[in-house]
Amino acid sequence: MRYVVFAVALSVLACTPSKGSQAPAPKVSAAGDSAHLKDSSATKPGRGALSAQNADPFPSTYRPFPSKTTVIKNVTILTAAGPRITNGSILLKDGKIESVGASVTAPADAVVIDGGGKFVTPGFIDIHSHLGVYSAPGVEASSDGNEAVKPVTAYVWAEHSVWPQDPQFPRNLAGGITTLQVLPGSANLIGGRSVVLKVVPSRTVQGMKFPGAKYGLKMACGENPKRVYGMKGGPQTRMGNVAGYRTAWIEAEQYRRKWDKWNGEHKGDPPARDLNLETLAEVLRGNILVHNHCYRADEMAQMIDIAHEFGYKIRAFHHGVEAYKIADLLAKEGIGAAIWADWGGFKMEALDGIRANMALTNQAGVRTIVHSDDPSGSQRLNQEAAKGIEAGKELGIDISEDQAIKWLTINPAWALDLDSKIGSLEAGKDADVVLWSGDPFSVYTRAEKVWVDGAMLYDRDDVSGQWRTDFDLGFVPQIGGAK
Amino acid sequence: MALATCALAASASAQTIAITGGKVFPVNAPPIEGGTVLIRNGKIAAVGKNIAIPGDAQRIDATGKWVTPGLVNSNTSLGLGDVGFSGGPRELVAKGHDGIAAGFSVWLGFNTQSVMIAPAREGGVTTIMVNPTGGLVSGQSAIIDMNGALELSDVLVKAPASMIAQIEDDDGAKVGAAGELLGELRDLIEDTKSYTRRKADFERAQTRPFVATRRDLEAMIPVVEGREVLTIVADKASEIQAALNIAKDYNLKIVIAGAAEGWMLADKIAAAKVPVLTGAMNNIPGSFSTLGSRQENAAMLRKAGVQVGIIGNAGGGDEDMFNVRNIRYEAGNAVAYGMSWDDALRAITLAPAEIYGVSDRLGSLKAGTEGNVVIWSGDPLEFASRAEQVFIHGKKLDSPSRQDLLAKRYKTLPPKYNTP
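Line order of the protein sequences matches chains A and B. Just so we're aligned, residue 1 is where the first sequence starts under this note's numbering, counting upward by one. Just so we're aligned, residue 1001 is where the second sequence starts under this note's numbering, counting upward by one.
Looking at chain A on its own, in the form it has when it is part of the complex:
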């Protein structure tokens, strides 16, 4: 009987990685620039004064947790890299997947888990999360997801809002999620940088950051920005929205050229650094991926034209409730569709949500991605995919479980440009693995054990060993498994 909270109304846009109109300049670290300046310039600006490509002022301090060599045997393995392996085994060693197949050679010291016919999948990846930026409990003091002070705030970084003690993180892990992209909200045309996190306990956000992951840029179409700014100086209309994006990219392109020139020559005083334009310039260079919140087909088509105009690429449309209407266009452009199973109707631009969206985009050759934008739904991405399979079947589109598992794993990994590291169970990849109590597309199935980089960080049977955030202590009764 509670009010429905339309968290989605302010959901974040993720930016897809943009590709520069020119070949990216050689990557030069900020430290390197500073060193060079010491020799060549009397002004000696500090590192923070310079706009370097791929600068990393808040570097990841994540290190894999201690792990034991582990064999999970006698399981059905959905690899996301090919057909399922029934009655198979997987060997995790030194944080990586050592081997996977009908059988593996287990070292003598390996922990052996007999799955007894259960299922194993890659850890799931939710590329649309606000955990940590909209922490629980949802009080104003923890509402850190939308810098709704002006329509373009590319200068904000979601990681500076993330509270590592958000009690939603361990609940996410228990749902089999091992990687999250946390985005700013969708109040703004351009909301700021996302951050990719490992779902692990940490005192700092740096300790959760996925090493080497690119940043994303959140952009948002449609109703949200014009609603938020309609009475605050605009944009007030969709045409105002589009003018706002284009104006921002025009400035960003000038900034990019100025800095690329200076970084190449190191002549004279460096240009002024601007955090807003720096993020946008990084998109234009292809160093930051664009994740674009957009519901309607016609608006997505316009966003694609804007990307063409300024020479960046949209990596994925998020929410995309009408993605099925332009599935051919998305396939041609190579843009992922990060969508819900059955959300719709909660506002005008979401009116045409249909359950067959996943099946129809998949059928058209689009990289279909199940996303959540919701701390509760994020714990059940598998259930969302299961709805998508059934909706396809009703429409005469047969989606195998081997295909649908990609919607939760390798496809979102691709959207983060991390598909060489995570998202499938193949030798050499990070050992982010989930053991399920049964077929993950059944309503009765739950994650039993979750490994991140080979370390078992969730075990449903070990209640006292489960991760509890600082907030959980005292406030939240300790909760055991289903007994």
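Computed list of lysine-lysine pairs in DSS-like fashion (alpha-carbon distance at most 30 Å, straight line):
(1) B:1199 / B:1253
(2) B:1395 / A:387
(3) A:421 / A:313
(4) B:1396 / A:393
(5) B:1416 / A:387
(6) A:393 / B:1416
(7) B:1366 / B:1396
(8) A:332 / A:313
(9) B:1408 / A:332
(10) A:118 / A:421
(11) B:1303 / B:1248
(12) A:332 / B:1411
(13) B:1411 / A:313
(14) A:118 / A:68
(15) B:1268 / B:1253
(16) A:232 / B:1095
(17) B:1411 / A:393
(18) B:1023 / B:1366
(19) B:1396 / A:387
(20) A:313 / A:261
(21) A:93 / A:214
(22) B:1174 / A:232
(23) B:1049 / B:1023
(24) A:421 / A:96
(25) A:387 / B:1065
(26) A:393 / B:1065
(27) B:1049 / B:1065
(28) B:1023 / A:387
(29) A:393 / B:1408
(30) A:118 / B:1303
(31) A:332 / B:1416
(32) A:118 / B:1023
If you're looking for bench data, these hints aren't it; they were derived computationally from the structure.
Let chain A serve as the given structure and place chain B on it in line with the hints.
Below, chain B alone, put in the same frame as chain A:
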């Protein structure tokens, strides 16, 4: 408030239908493998293994299928708005007076032609309760048929079905603190009693001022007299305890809705014989009232002996309007978190019907109840199953939803705009 009894016959089918060979779940009785469900004149005529099938009956072979009563979703705002957030009517929140809108009859704003009806029905939901929200006393809810009839009188099953109040949101109730909120609620009850005794004085303006208007006090009379259920939205253990106390002090018939921390008081709730409406898809301490949220809640309450009706509680996904159809998945999740399968099916059929006093008419396949029946391709709580045939009052309803039409139109691109 008069009890509306609907002219359900208007939409009932006179045909005799025999659904044979299915795995039948009457809910009020044990499952029957290869059972027959006989529907005559829109009502369940007989259910069992060896039912004589009249020669003129339309036979439907349900071999390999699962047959259940139509599902009941007892927490919806379906038909009270076409769009959730950004436009269009939203008919579920009254302005009221100082947080009290007891006289608000939410069903008067129900759109019998809502585009949300067909999707819910496709999910096997044949009956819904529409609930007002907001304030301290939100108004009165109604139980409604998903038969798609145009006239409101042809879809109303019971109105009012319940008075709705909430005691967890002080701001929403227009008070400053829980203690004040509970005081207001007690004042309303006391004033209703006084008003009932002194109506004539009230009409002559010879009573002290009451906390509510005449319309609101009138609506409260059956609640105070224990003839109408008062559904109290409460999540925190202390709020639930307060609700139990009020019910005891005034001998009210209450239902606790939400009940995130109900498991902490499961034995007390069971002893008080107070039913609970809750879900199984929320484990997030989303507010300081729901710190103890857990997905096992529904199962734990049921195990303690509480009558449990399942409602959507995940919080996202609009499960009270656009996704009313998802109630069966909520029940499936309850099973994953410890509830027996039989209890989970009961919690979305017979339990809500019993809680709101319509079990003589719906919620099971008992002979004499309405012919609300669903034939499923398999386990109704599973994603891989679908409601293949849905009957309401013995009439098969299969008009496509707007979403079906969109899916069909865009199945091949570019779409043909002159079809369907």
